[in-house]
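Fit chains R and W to the given chain H structure using the hints.
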Amino acid sequence: MNEALFTANNVWMLVATVLVFIMHLGFSALEAGFVQRKNTVNILFKNAMIISIGLLTYFAMGFNIMYPASELISGWFGFSGFGLSMPEGDAGAIAYADGGYTYWTDFIFQGMFAATAATIVSGAVAERIKLNSFLIFATVFVMISYPITGMWKWGGGWLETRGFHDFAGSTLVHAVGGWAALASVLLLGARKGKYTRNGIKPIPGHSMPLAALGVFLLWFGWFGFNGGSVLSANPVAVSLVFVTTALAAAAGAFGAFIVSYSLFKSHDLSMVLNGILGGLVGITAGADVMTPMQAILIGLIAGAIIPLSVVFFDKRKIDDPVGATSVHLVCGIWGTLAVGLFGAKAGLGQLWVQLYGTLAIGLFTFVFAFSLMYILKITIGIRVSEEAEEKGLDIAEHDMHAYEANLEQAAYNLSVK
Amino acid sequence: MNEALFTANNVWMLVATVLVFIMHLGFSALEAGFVQRKNTVNILFKNAMIISIGLLTYFAMGFNIMYPASELISGWFGFSGFGLSMPEGDAGAIAYADGGYTYWTDFIFQGMFAATAATIVSGAVAERIKLNSFLIFATVFVMISYPITGMWKWGGGWLETRGFHDFAGSTLVHAVGGWAALASVLLLGARKGKYTRNGIKPIPGHSMPLAALGVFLLWFGWFGFNGGSVLSANPVAVSLVFVTTALAAAAGAFGAFIVSYSLFKSHDLSMVLNGILGGLVGITAGADVMTPMQAILIGLIAGAIIPLSVVFFDKRKIDDPVGATSVHLVCGIWGTLAVGLFGAKAGLGQLWVQLYGTLAIGLFTFVFAFSLMYILKITIGIRVSEEAEEKGLDIAEHDMHAYEANLEQAAYNLSVK
Amino acid sequence: MNEALFTANNVWMLVATVLVFIMHLGFSALEAGFVQRKNTVNILFKNAMIISIGLLTYFAMGFNIMYPASELISGWFGFSGFGLSMPEGDAGAIAYADGGYTYWTDFIFQGMFAATAATIVSGAVAERIKLNSFLIFATVFVMISYPITGMWKWGGGWLETRGFHDFAGSTLVHAVGGWAALASVLLLGARKGKYTRNGIKPIPGHSMPLAALGVFLLWFGWFGFNGGSVLSANPVAVSLVFVTTALAAAAGAFGAFIVSYSLFKSHDLSMVLNGILGGLVGITAGADVMTPMQAILIGLIAGAIIPLSVVFFDKRKIDDPVGATSVHLVCGIWGTLAVGLFGAKAGLGQLWVQLYGTLAIGLFTFVFAFSLMYILKITIGIRVSEEAEEKGLDIAEHDMHAYEANLEQAAYNLSVK
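For the protein sequence lines, the chains are H, R and W, in the order given.
Following the working numbering, the numbering of the first sequence begins with 128 at its first residue and continues without gaps.
Following the working numbering, the numbering of the second sequence begins with 128 at its first residue and continues without gaps.
Following the working numbering, the numbering of the third sequence begins with 128 at its first residue and continues without gaps.
One chain only, chain H, in its complex shape:
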């Protein structure tokens, strides 16, 4: 390949990397907006640490588990040693990926993805998990579990061999994060006062502007998440992915708008915001093989799923403050299956692969996450004290307020009157 084309490809992959990076701000803002004021510092702290942990562990082990040079169990598991080892010299770095990007680009783009999976969990377990337990969970999960299942497909493992199609990670990233979230929530239990004898008490988030900011930034970053998954700057491929991604997100907003208005008779902003995310998660598996019209259909359905799924989980007393399981798990599975239903790859055979692919990865992830969280539960504990939950984690775990104290004080004084 000529130097200019290689350079253009690599520029695009680095831009995509930057876009995926800013999704971590998107997640931070979304989750912060959807929790109560008293737990805001805690969620920001978790998110600042997760991107840090994600990158460091992916450097330490994850990258070499996900893309192993040699495999211990063929198609299932491999590990090529700690740290990074660039192929010899600049020439090696360039030769590495056959025209798309350098060795370093590959690592940093994939590293940004890795941390995402753990971030998904942080929203679902918000407002009641012990900080240290969560940080340990996130570290082990992103260092070992995420790259193992990632290897099955993107690392050339057994699901790749069988034709499982997951373009940018509806399953590999989003459903994986979603399963881990579900396992954690089941072990953790609901927030105090959420499910009462008199029914479900909504606990609204403390800042809708923060939540909206988060969703717009996630959409923004998703152009890199999906667009970068082309793994080159191929003009037709990347631009088609832009179109399908944007239209699915737009249709997701619309689907959530219609269904939530039908169900609740109000214009629910949080549903529309999660509808956008649902549409994005839904198109992620097949963004490269859909027509614009098919992308709209997939997004519309994903958006429509959101309010239904939120109600479903709430009825089962599965308490997820930000709706992460609905967005990432349910729409992640939907998007993976949609590849078998619509678009260039549709067909019964494909649908079957998509189904067992997403289930296999889900099963592994759920068992891993459940076991890990369970060990933490019976050892150092995973849930804060009732008193800490009441006071808020900002004070209990950080001894800080998220906002200026006299306002906190004003609100508190009035609320206790």
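In short, the hints are calculated from the structure, not lab data.
Do not rely on the hints blindly, as some may be mistaken.
Identical copies look the same in the list; a pair holds intra-copy or inter-copy alike.
[To be verified] Within a straight-line C-alpha distance of at most 30 Å, the following computed DSSO-like cross-link-like pairs (lysine-lysine) qualify: (1) 328 x 518; (2) 518 x 392; (3) 442 x 504; (4) 392 x 319; (5) 392 x 504; (6) 504 x 328; (7) 321 x 518; (8) 328 x 392; (9) 392 x 442; (10) 504 x 321; (11) 442 x 328.
Frame of chain H; chains R and W shown alone:
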């Protein structure tokens, strides 16, 4: 053209697309910051839906009205059918735009622009318009009116033929949005309590950090808005546009700073923020044909216009909570005319074309928007009840608070004492 | 060089420019979050004006001082006239930088850097400096002092000749801003009530979400700050810089986490956020010559320095509300020296050059900034009245509230009870 250059061009156009996308977050934050607390959810909801509506309607019809394959009324109107129809195969997508970008890139870049025009309206009508009426207005406006006038110039219509110059849309996007805003505000009337017997009562926005965030993001996105309007990655052309755009924005801040300090004897943050936007709108028509010094002059004047225009509209009891008419309409016209006054195209003949071009587009847009809003007014109504306006649209239309309720409560309790 | 490669290089440099631009929003949000509510408008106003002043003065003089065509004092000072003068025609603009980018790109990329140095000061002097004095200081500092020391290295001056290595500006941008901040703080004194007989009274920032938003945006922008400093899109070089930059930031969070937990026994969000920034500042001088492992080490130490440095300055009653001196000055020096300790350039000779290079630039900057601020102090004054400080600068200097007034009122009423 060789593959590498085409790829580099297309990468730039996609990056520009992403940058224009994030302007929608910029508008959301700016408008949310400039409205009262009690209408924050409403404005965020509108903005989340507008980007969704903008993309879906541009897919459905807009793109094929703006760039019609065949014309019904030569130079004035055409329509090439619903939905997208990519030229045959990958080769077709590449051949499409003669070296700059693919068919998909063209659609998604232009689609991001389309939604912008409707977003401009949402700020001006904030705090009192009925949500459903606004959504219908935005849908029809962005689906039909915006692409028709867009076609006159960018679609190769009659204004293109006569040499009207509007590089990135001082008129085609910003003044168009501004005229629609003005028509809407005239039919809607001012917010309750704004213009009283004792004079004009300022209704300050509820969050200056949100407003500032919005302006910085808009400036950020404008590098894609103007830089992408080169329609390729031509190094000299794009980098000159970056320089003129940045310097005009900087000068806009300065112009607004000086004039507003002279007028009001205080350092008014909202004037400086709108001054930046005024500078950006002003340079948009001629960002490709100005020297840096000319760009500074255009921005300086645009910034200086802002405080004067805000006072002008307020004296006429035209109530625009975010100053959208001053920024987008007045500075949009200024920028369009400036192409006839300064730079490579300056001249009396050009000035005349600029004048009747912006007036023709303004006339069509104003009549269209006024008629559409008028029909909504006499049918389903466009204004919320006095009670809803008093309580705030967040509760009246969404049954939600933007911020945690106990604080709302605290503020409310104290304010009613 | 062929057209396609030149275009790809230039695209990357423009993307980097946009990323550096958004760092100004990062600084605005960070500083706004770390100050008290009552000074929020003031800090936003300063930051909006600084980017404007930075670009306009860099256009007027700075660029031609930093990269002079001819030198008055060889290696130390030159000036090639006011304003920009592009080499003849498009060909001149292209030929200008030998393959990496056009003349315009060079100016706008460097211009974004210039404003950064002044922004660093604004955080340190927040909550008590007179607005006009600060604006004058920033104008003169960024127009004259920053480009003079910049010329010593990046403009081909005496430090370049001696092999001083400062890849993207640990010293040239960050320590320079830090020294100016230190000089200003020494002349300005601490905020009222910070250092009392009973010890140091913490004055917490008013919004941790804003501060976190700022740090994520700064990290985001740093990929352009460091990545763009390659001055081309060279795939191996830029992608290595991405890896070292990201890992140093991640390690910085970790270093600050560990040390601050050891010292204070709490999970301090502001330390972790500043730890990320410390890691970024630390890697900036050597991002091109470190291995990933060395980058982690540099970042880890930089992060560990943050809490120690904050305590150090506080003990000496040097009051810096946002920790700018710790982040930019201390970690800037650390990063500069680290080039002599680790990586491809390490060695005693290099360490010696790094040491006197950073000291020489520091000395010049400190003397310049101190003198300038001192002149302002004895003429128009630099500190607001005690009453203004008490009331807050938003009301005293801007006659505005940052947030909706009834809430302000609520808080105020309760706090005075």
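Verification of the hints:
1. Taking the shortest alpha-carbon separations for residue 328 and residue 518, both the intra-copy value of 18 Å and the inter-copy value of 23 Å come in at or below 30 Å.
2. Proximity of residue 518 and residue 392 under a CA criterion of 30 Å is satisfied inter-copy only: 19 Å between copies versus 34 Å inside one chain copy.
3. Taking identical chains as interchangeable, the C-alpha atoms of residue 442 and residue 504 lie at most 30 Å apart only when both belong to the same chain, with a minimum of 25 Å there against 42 Å between chains.
4. In this assembly of identical chains, residue 392 and residue 319 lie within 30 Å of each other by CA distance both inside one copy and across copies; the values are 28 Å within and 27 Å between.
5. Taking the shortest Cα distances, residue 392 and residue 504 sit within 30 Å of each other only across copies (23 Å), while inside one copy they are farther apart (41 Å).
6. Proximity of residue 504 and residue 328 under a CA criterion of 30 Å is satisfied intra-copy only: 26 Å inside one chain copy versus 38 Å between copies.
7. In this assembly of identical chains, the alpha carbons of residue 321 and residue 518 lie at most 30 Å apart whether taken from the same copy (16 Å) or from different copies (27 Å).
8. Taking the shortest alpha-carbon separations for residue 328 and residue 392, only the intra-copy value of 18 Å comes in at or below 30 Å, while the best inter-copy value is 35 Å.
9. Within a single copy, residue 392 and residue 442 get their C-alpha atoms as close as 19 Å, which meets the 30 Å cut-off; across copies the closest is 40 Å, which misses it.
10. Within a single copy, residue 504 and residue 321 get their C-alpha atoms as close as 21 Å, which meets the 30 Å cut-off; across copies the closest is 43 Å, which misses it.
11. Proximity of residue 442 to residue 328 under the C-alpha cut-off of 30 Å is restricted to the intra-copy arrangement: shortest distance 12 Å within a copy versus 48 Å between copies.
Hint violations for this structure: none, all hints satisfied.
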